[in-house]
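**Q** Below are the chains, spelled out letter by letter.
There are 2 protein chains.
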Amino acid sequence: MSAHRGGPAVDGSVAQLAPVLEAGGPVLTDLLDRCEARLGEVVAAYGEPLGEFATGTLAAGGKRLRPVLVFLCGGAASSGAPDAARGAELGDDDGLVRAATAVELLHMATLVHDDVLDRAALRRGRPTVYRTGGRVAATATGDLLFSRAFAELAASGEADAVRALSSASSALARGELMQRADAWSPHVTPERYLARCELKTARLFAAGCRLGALLGRTNAAAADPLAAYGERIGIAFQIFDDVLDVAGPAARTGKRRGTDLLDGTVTLPLILARRRDGDLQALDLRETVTDPAQAEAVCDRIAYTGALGEARHEALRYVAEAKAALADLELPDGLRRALDLVADGVVERYA
Amino acid sequence: MSAHRGGPAVDGSVAQLAPVLEAGGPVLTDLLDRCEARLGEVVAAYGEPLGEFATGTLAAGGKRLRPVLVFLCGGAASSGAPDAARGAELGDDDGLVRAATAVELLHMATLVHDDVLDRAALRRGRPTVYRTGGRVAATATGDLLFSRAFAELAASGEADAVRALSSASSALARGELMQRADAWSPHVTPERYLARCELKTARLFAAGCRLGALLGRTNAAAADPLAAYGERIGIAFQIFDDVLDVAGPAARTGKRRGTDLLDGTVTLPLILARRRDGDLQALDLRETVTDPAQAEAVCDRIAYTGALGEARHEALRYVAEAKAALADLELPDGLRRALDLVADGVVERYA
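Chains V and L supply the protein sequences, listed in that same order.
Here the first sequence is numbered in our numbering, starting from 1 and rising by one per residue.
Here the second sequence is numbered in our numbering, starting from 352 and rising by one per residue.
In case anyone wonders, no lab produced these hints; they're calculated from the structure.
The structure presented is a predicted model; accordingly, all values stated were derived computationally and were not measured.
A couple of the hints might just be wrong.
Sample of chain V residues with no beta-carbon within 10 Å of chain L, all distances over it, derived [stated by the list, open to error]:
hint	residue
1	ARG148
2	ALA155
3	ALA159
4	ARG192
5	ALA297
6	GLU321
Part of the chain V face toward chain L, derived, beta carbon under 10 Å [claimed, not checked]:
hint	residue
7	GLY40
8	ALA44
9	THR110
10	GLY134
11	GLY142
12	PHE150
13	LEU153
14	GLU158
15	ASP160
16	VAL162
17	SER166
18	SER170
19	ALA181
20	LEU341
C-beta: ideal position from N, C-alpha, C; glycine also.
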């Protein structure tokens, strides 16, 4: 469950981003550049040391998957839509850039607070704010990023947009709490796991898609289907991240396997494996998994049950649902292709 | 510096609230009731356990000074303005109630996070969320309250309003960090102390006043002077709280004297006392003040220098500036009287 926060895992699970960028064309690339520049401006607007911490968080990067969703759902794809069709509406792009920036800032804020709660020293191979500045600086930096996210979106003047972000932000907080409440529990059901994925991951994906529809050039009626699409790929994304935490390989994810087991996060692979392996169900993870080597051993055991394939299958089911949510929408060909590629990209295909 | 967070200190420093309520009349009382009801609705909208934590934070109360400021700056005072003048504009009050609710939610969010950072078990005589639910629950509850604050304000549809709240929220985070950076420092100047008060306390007061002006029935041109008024009383409020932390008496403030000394917060009384007492300047507080009895002894020593009177004088200077900021505004008599009473109330008068 922690892997969705990390860069290497993100790299892994969005390996298909290059084709998405190709499908989105120069319009998408340009908007992503503007989002990156805006993120830099926002965090640089603070003096030391907050600006420095926030800049470090920004520089740690990530694939900016959420901004990609905002832009695509805002209709930002060159192919299939003649440039002339954009014409007078170009000014709207400022709203899209702000929305994408806001969503990424909120995501960054939760990463910084998660690192405090996890007492994490590294993220994406770089020292965390928690490590560099301590818990006070990290809590304050997270709060600052939260604030800037809303300020960025407020400039759009769209109350619906601020509400969408706020709702996602509330969901994140509730999901975080749910995750900790369920730590090490042997009784977490797949349904409860999925409810947690929705709160902690999918609602922000959905909000990004909704913001794109609200502030971009898509039909306003597209907001609900696009948000449904975003929610489904958010869940698929999280399931796949949780699979990667068990499956590795470490060379690809950039971290040892089993970090979720070590911090007690009960994910779908473990839940499914417990159903197949009674001894695993009976194992008290809190007592027995206390170092990385033990965690890797349990990962092997989970994999041995075949639970990883079942979890991947579940993720792919959400990918299919995401695409189906778009079925009745009229979308330019290039845009639909890009959205399908994103959906495929969050869950790499396995033979 | 912590006292501004506590109820008893708030009780002490807003002892003049009764006359304010009288001056505001039934219009103000009615709006405060609606704000209280709305706060209850917002936090009750969450399931267990977040809703429970948030409800506990809400029930811990406080004088709702910030909502009072929102309402008064929104023109909500009965006397001096005939009821007929409100007529068709009554609908606007929803915006004011939302703004007041948002400001109080943001204030509550910072209290909950502060308690995590302070590892505080009690606030206003009740167990904190940190104590009851642990740091994860408290961090998430604070994040949730942050989110709800912005959602509440977003419903107003005023981008300027969301920006004002976001700006105050950013300032709070920066002020928090500044306070911790300066902990136990012998080099904090009065100027730096005042800059911290502005960030950590006064900017939210100012935002409340600005929101009232933006969403209420006052002239839009009044927003800047009203915000200036709010900022000045915010600084006065903080100085006076810091005086109370040294002066007590505990029977009135509800806590032992010297809590700021124990957590290393360098406040104006200490800064001024150090200038008057070279031995105090040379004292390493981190080394020598490690229990409440030692803290009380240093409080006595600060009081002995006469620094408390000087600090109170400084606070009163800000009260006078607050009133002066309103001098050129055309305000109904009842409203001006209420605003003056709030200003006087944040710093009790001393002979």
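**Q** What are the numbers of the hints that this structure violates, sorted from low to high?
**A** Hints 1, 2, 3, 7, 8 and 20 contradicted; others consistent.
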